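Peer 1: Which chain is which? The protein sequence lines are A, B and C, in order.
Under the working numbering, the first residue of the first sequence carries the number 2, and numbering increases by one thereafter.
Under the working numbering, the first residue of the second sequence carries the number -5, and numbering increases by one thereafter.
Under the working numbering, the first residue of the third sequence carries the number 25, and numbering increases by one thereafter.
One or more of the hints may lead you astray.
As the list claims (entries may be wrong) - Here are the computed lysine to any residue pairs in the SDA-like style, where the Cα-Cα straight-line distance is at most 25 Å:
hint	chain 1	residue 1	chain 2	residue 2
1	B	Lys381	A	Leu13
2	B	Lys76	A	Gln39
3	A	Lys40	C	His61
4	B	Lys76	C	His159
5	A	Lys40	C	Gln156
6	A	Lys131	C	His159
7	B	Lys254	A	Glu142
8	C	Lys85	B	Asp44
9	B	Lys226	A	Glu142
10	C	Lys157	A	Leu13
11	B	Lys315	A	Gly37
12	B	Lys76	A	Tyr258
13	C	Lys157	A	Pro41
14	B	Lys381	A	Leu61
15	A	Lys131	C	His61
16	C	Lys85	B	Thr72
To be verified - Using C-beta positions, here's what the derived DEER-type ranges look like:
hint	chain 1	residue 1	chain 2	residue 2	range
17	B	Asp192	C	Ala47	57 to 65 Å
18	A	Gln153	C	His61	51 to 59 Å
19	B	Glu56	A	Val23	45 to 53 Å
20	A	Tyr129	C	Val280	27 to 35 Å
21	A	Arg180	C	Ala47	23 to 31 Å
22	B	Pro126	A	Glu38	42 to 50 Å
23	A	Leu19	B	Pro126	54 to 62 Å
24	A	Leu19	C	Phe126	16 to 24 Å
25	A	Leu19	B	Glu56	45 to 53 Å
26	B	Asp192	C	Val280	47 to 55 Å
27	B	Asp390	A	Arg49	41 to 49 Å
28	A	Pro152	C	Ala47	24 to 32 Å
29	C	Leu214	A	Phe26	48 to 56 Å
Bear in mind the hints are in silico, worked out from the structure with no lab data behind them.
Quick caveat: nothing in here was measured; it's all calculated off a predicted structure.
No residue lacks a Cβ here, since even glycine has one placed at the ideal position from N, Cα and C.
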Amino acid sequence: MGYLFIAPYLVLFVAFVLVPVVWGFFISLHNWHVLGEQKPFVGFANYRALLRDDLFGIALLNTGYFALLTVVPGNIVSLLLALGLNARIRGENVYKAIFYLPVILSVAVVAIIWRWMYSTEFGLLNYYLKVVWQFLHLPGEFQPVAWLNSPQTAMPSLALMSIWWGAGGNMLIYLAGLRGIPEEYYEAARIDGAGTWGRFWHITLPLLKPSLLFCLVMSLIGSSQVFGQSYILTGGGPHYSTLTVVLYMYQTGFSLYRMGYACAVAYVMFIIVLGLTLLQFRLLSARQEE
Amino acid sequence: MHLVAAGFSLRSIIVICLLSLLLVSCSPGKHSRNVAGSEIRFWNGFTGPDGATMEKIVKRFERETGIRVKMQIIPWGTYYDKLVLSLAYGGAPDVFICHANRIAEFARYGVFRPLDDLIEADRDFDPSDFLPNIWRAGQYEGKQVGLPLDCHPQGLYYNLKLFREAGIVDAQGNPKPPETWEEFLDAARRLTKDKDGDGRPDQWGFAFTWLRTNWITFISQHGGSILSPDLKRAALAEPPAVRATQQMCDIITRYGVAPKPEGFDSWMGFRQGRVAMAIEGIYMLSSVEEQKGLEYAGASVPSFGPKRAVWGGSHLLCMPKDLSPQRAQLVWRFMRYLSDHSLDWAEGGQIPVRRSLLDQPRFRQMRVQYAFAKQLPYVVFEPASHKSTEIMPFYDAAIEAALLGIKSPQDALNEAARRIQQVLDRP
Amino acid sequence: MRVSLGRTMLYLLMTAAAILFLAPVAWMLVMSILPEHEIFQPVPHWIPQEPTLQNFQEVFKRAEEAPIMRWFWNSLFVAGTGTIAYLLLSSMAAYAFSRLEFPGRNILFFVVLSTLIIPGQVTIIPVFLILQKLHWFNTYYALIVPGLAGAFGVFLLRQFFLTIPREIEEAAFIDGCGRAGIYWRIILPLSKPALATLAIFSFLGGWNDFMLPLIATNEIEMRTLPVGLTIFLGRYSMQYGLVMATAVLATLPVLVMFLLFQRHIIRGVVLTGLKG
């Protein structure tokens, strides 16, 4: 009877998760072009080629850079927002909704909104930066930032947009975690003479460990998969500065139709993310034992 | 779950879901299989006025032969994606257009049906009527896989009014387009003017439009090339190509007769009379024709270097490999018809590639095409390597970096050469 | 009641943050009703001088090359059918994992669970090839079915089902209700909150999904809204009022859903986070 209930789901699971995972690895061991009649087995040649591949190296660095710019700063933003909400301010639900709203938008909508915000000439960001510059009477004339058009600022632009997009999600989890900390702990700490910072460091953070772990891991996995932002807004440019691993994989598989190589890219990324996730688990749970 | 409350049983819900999925699978968007019957399926990317011209020729073919042709126009942006997937998974057309620079890519995977047997059997078809360098563009490993329909080389577009104003005219007072590097530089200098005295030119003697194709013209004229003749080595970082790239940079920075290709729509600039000369393909003809008040003419590209060369592209007609013999015959008739009538096709702003047609008075009257066609014997295509499209982004990036002054030509080309070599070395 | 300085500061900061977060979305709405001459201005017109619906009209005029209503319908159909199917399949599997005994149950569950950490992109290429082999390319099957294999729903529902007291089921058993009946008439109704949450997330996921529709279709009438939006952006990027209007059209259903089911959504996120 159990099999009957599980069969429909299981069929799809095998067909669209298990088989692809295994077959993907199999494909990566071949020279597999969509048009080729022959798809010769080449062993680990694709992986060896990846090691020498300039663009893959750039994509890895870019993805790592993106992760650096979004995982920790993004979670800090989420945590700060959660701390603010935790103080039981009035209109809490309104604030919560506002911060969470971006999460439910599609990447396409986010990209369209921010493409305009980042416009050098007409964008909101440059306009308000100019306003602030003039307000603070800073010397000289405000130089508009090139945002998406300059190799130095393109990736940070994508990162900022992504932080805005995702902060609300983790905020809710942190808020739930914060609410789960009993008031008595804080009382006890106050009696012992601990100040705000001390309470935060010795009570809040340690008790938030599970939420922190979860959010950081999910953020890391999420940021490794960044695709839509660079595909839609920059196409990997300017000058490859926003070429991410998934975008590289997509271009290899769906512009060049070299499936074997693209699968190799996917697998290497998978291994790296897996490794980082396990590392994170170990680090954060080791600290828990303290 | 409200459905449950309303009394629907589990079974009926499942049935409804399955039914709707079934219903929906009969929706449009399924690929059609190769229809047996005498209808020829023809794919191309000719949107706009090109498409209208082709449509007319196709209709005449239908009338004269009674063979039906179903033409599908897919914008070039998604054309090759759809073509590749249809060739791989079904639904491929019977005849399709392929650009010269992608022939090798497709041919490598045996996608084409070679035309040699059909050419042999066709007694009044003479391959030598075609210009040899263009006929060769349809060959792969000794087999003829594509029939060249046209060639679209670059040429020099120049603004007659601005030339006259600057006094660059011949003995009869007609504007005289430059033919050598020195003449070009001289003309460009005289045509670059700062009219409102703000220190920046408002009228430019020249502007780079499509960087990649302009660059290929320049390096070829210096004897350089992107790949070595055996297609195994990246050659774009060698002295001739570097010299040519430096020359392009000099035009911008040292001589100041062209704007930096950044934030400036060069082609628009030519159309609006702010740029006096531009090197672009014949396919831009309709664009200048429709610009009211623009007095323009076409000429051969000046000689920037010791060799005569100019970038060009070509549309070739190709067949997929699993056509039945009868179908192949039918399609060959269609391909021949298009080729024989390529003067009609030229009306839309293309250039035929058959010597017998190029000689005709009717073609002579197509002034700009005729002027550009003089360059056909030394047209240069992108390298005939199956990795040609894959390496394009690398030299595109190098050209941009060099022309924008981000890197020196040698550094930019070195980096591109290294990356291209990685791709070439791959099995 | 004195409001302390710290408290005021907090309110100020939170309000400032709220404004910053809301601004981009608000701007999207404003810009969609700005006429062209008010868009390309150095100073942003937060309050339109001449608000117009022209942008929306123009969007529909371009239906030939950019069939937005078709995309809307595709997204609705894919997300809707997908959600119903997902709920059904996941709940059945979750029921089996939580209540039914069969050999290999725990190993199977572990395998399913472990796929949660596999990033979707790892399998996208083999999935594409499988879709081609099945001749599902450019059909609704390709847009709906791959998403049904996700392990998240199974995991969430199993955890929830485990919290339902066994006594209720035993009572039903004694009354002669079969396993299927228990599933349909007892477990499901008791799981309404979890199912509702899952339904909302599944719908949102299906509505917003970008990569799968991108690779599962290339006929323009089979595209979903997010992919269609980017096609629009690519083609009409100079007419940004139009582009913003399409973004508004694509977002309206989601915004409405959000305003209606806000509490559910927020509670759901917390639920999944805690379980995680």
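Peer 1: Each hint: holds or not?
Peer 2: Status of the hints after comparison with the structure:
1. B:Lys381 x A:Leu13: Measuring from Cα to Cα gives roughly 38 Å; hence the hint is violated.
2. B:Lys76 x A:Gln39: The hint holds at about 21 Å.
3. A:Lys40 x C:His61: violated (56 Å)
4. B:Lys76 x C:His159: Within the cut-off at roughly 15 Å; holds.
5. A:Lys40 x C:Gln156: With Cα atoms ~17 Å apart, Lys40 of chain A and Gln156 of chain C stay inside 25 Å; holds.
6. A:Lys131 x C:His159: Status violated; Cα separation ~55 Å.
7. B:Lys254 x A:Glu142: holds (24 Å)
8. C:Lys85 x B:Asp44: holds (24 Å)
9. B:Lys226 x A:Glu142: violated (52 Å)
10. C:Lys157 x A:Leu13: Distance ~15 Å between Lys157 of chain C and Leu13 of chain A Cα, so the pair holds.
11. B:Lys315 x A:Gly37: holds (13 Å)
12. B:Lys76 x A:Tyr258: Distance ~12 Å between Lys76 of chain B and Tyr258 of chain A Cα, so the pair holds.
13. C:Lys157 x A:Pro41: Since the Cα atoms of Lys157 of chain C and Pro41 of chain A sit roughly 19 Å apart, the hinted pair holds (cutoff 25 Å).
14. B:Lys381 x A:Leu61: holds (24 Å)
15. A:Lys131 x C:His61: Judged against 25 Å, a Cα distance of about 22 Å means the pair holds.
16. C:Lys85 x B:Thr72: Between Lys85 of chain C and Thr72 of chain B the Cα gap is close to 22 Å, so the pair holds against 25 Å.
17. B:Asp192 x C:Ala47: 57 to 65 Å: violated (37 Å)
18. A:Gln153 x C:His61: 51 to 59 Å: violated (34 Å)
19. B:Glu56 x A:Val23: 45 to 53 Å: holds (51 Å)
20. A:Tyr129 x C:Val280: 27 to 35 Å: holds (30 Å)
21. A:Arg180 x C:Ala47: 23 to 31 Å: Since Arg180 of chain A and Ala47 of chain C have Cβ atoms about 28 Å apart, the given range 23 to 31 Å holds.
22. B:Pro126 x A:Glu38: 42 to 50 Å: violated (32 Å)
23. A:Leu19 x B:Pro126: 54 to 62 Å: holds (56 Å)
24. A:Leu19 x C:Phe126: 16 to 24 Å: Distance hint for Leu19 of chain A, Phe126 of chain C holds at roughly 19 Å.
25. A:Leu19 x B:Glu56: 45 to 53 Å: Cβ of Leu19 of chain A to Cβ of Glu56 of chain B: about 52 Å, so the range 45 to 53 Å holds.
26. B:Asp192 x C:Val280: 47 to 55 Å: Taking Cβ atoms as reference, Asp192 of chain B and Val280 of chain C lie about 53 Å apart, which means the hint holds.
27. B:Asp390 x A:Arg49: 41 to 49 Å: The hinted range 41 to 49 Å is violated for Asp390 of chain B and Arg49 of chain A, with Cβ atoms some 27 Å apart.
28. A:Pro152 x C:Ala47: 24 to 32 Å: The hint (24 to 32 Å, Cβ to Cβ) holds, given that Pro152 of chain A and Ala47 of chain C are roughly 27 Å apart.
29. C:Leu214 x A:Phe26: 48 to 56 Å: Distance hint for Leu214 of chain C, Phe26 of chain A is violated at roughly 41 Å.
In summary, the structure is inconsistent with hints 1, 3, 6, 9, 17, 18, 22, 27, 29 from the numbered list given earlier, while agreeing with the others.
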